[in-house]
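Could you build the full structure based on these sequences and the hints that come with them?
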Amino acid sequence: MISFSSIDFVIIISFFTILLIIGFLPKKETDGDSSQYLLYGRKVGLFLFVMTNVSTWYGGILGVGEFTYRYGLLSWLTQGLPYYIFAILFAFIFAKKIRGSSLFTIPDKLEEVYGKKVGLISSALIFILVSPAPYLLMAASLFSLIFNIGLLPALVFSALISSVFLLKGGYKSDLYTDVFQFFIMFIGFFIIVFVSISQVGDFHFLQMNLPKEHLLVASNVSPVFIIVWFLIALWTFADPGFHQRCYAAKTGDTAKWGIIISVFFMIIFDFLTTATGLYSRAVLPDLPNPVLSFPLYAEKVLGNGTKGIFY
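Count the sequence shown with our numbering and you get residues 538 to 848, in order.
If you're looking for bench data, these hints aren't it; they were derived computationally from the structure. All the pointers check out, no bait thrown in.
Derived CB-CB ranges, DEER-like:
{"no.": "1", "residue 1": "A670", "residue 2": "S551", "range": "22 to 30 Å"}
{"no.": "2", "residue 1": "I622", "residue 2": "L583", "range": "16 to 24 Å"}
{"no.": "3", "residue 1": "L662", "residue 2": "Q744", "range": "40 to 48 Å"}
{"no.": "4", "residue 1": "F742", "residue 2": "K705", "range": "44 to 52 Å"}
{"no.": "5", "residue 1": "G687", "residue 2": "I665", "range": "24 to 32 Å"}
{"no.": "6", "residue 1": "I769", "residue 2": "T554", "range": "33 to 41 Å"}
{"no.": "7", "residue 1": "A661", "residue 2": "T593", "range": "19 to 27 Å"}
{"no.": "8", "residue 1": "I630", "residue 2": "Y595", "range": "21 to 29 Å"}
{"no.": "9", "residue 1": "I539", "residue 2": "L771", "range": "33 to 41 Å"}
{"no.": "10", "residue 1": "D739", "residue 2": "I539", "range": "21 to 29 Å"}
{"no.": "11", "residue 1": "Q744", "residue 2": "I686", "range": "38 to 46 Å"}
{"no.": "12", "residue 1": "V758", "residue 2": "S638", "range": "36 to 44 Å"}
{"no.": "13", "residue 1": "D739", "residue 2": "F552", "range": "24 to 32 Å"}
Glycine is no exception: its CB is placed at the ideal position from the N, C-alpha and C atoms.
Have a look at this one:
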């Protein structure tokens, strides 16, 4: 189903090698300062803030491909627009206040206001909310495709490759690897969209080969369906990742403008992923498993080397 050339494997293995090297570069802090390990000493500047905010905003990329494959531009209306709105509201309403509190986590704030018991309960609930299980499964699915291995060893590999360096460098390692992944994710999707437009066809091709409703933002769904997705996006206000990055920011203004600038990059990346999803639906209209629409479309249109970069 999926095939890779030698150069593709070299690129993919090089990616993981560089990722690990970057992750292990920061020295382990020995002064016992927990803010240094967990929040990079609360000195994250605007550049690092934006890079990590954008690269960690996207976890279920295969799900984005599936949703766009099934529903077209409705994907942007439900998976993009609500999050831009609530992220900007978060920036203006909460970012400076969170940075000013100089805490570490949401449970810390709840404990400060409501007591230790509430803090402990909220810790358990937030752990469930941010469980990495779906993202590990997605990564494992890709590893299984690339290296032709079983899902269980792929799960173990994905867990190790994405977290082992955190034990040494803490949040600093996370920041540095996020910057690297920021550039890779944009380069990969820029390549596939460029190839699609130049070799497959422009917007007219999509008009001729997609169901009409795929190019309608609201499609044929009920207002309730859209409202539900906007309500789901409200979780942005309680996103532990947003809170952690605000706690780690150098200043309140860094947190505020970092989120606002991040939205700009999110819009660009959503355009790239949505376009890729539309092209995959137009070129491969009968996929039995749309969750693999991105990998299978890459297999169809990308050549040696570029496929490795995209993956």
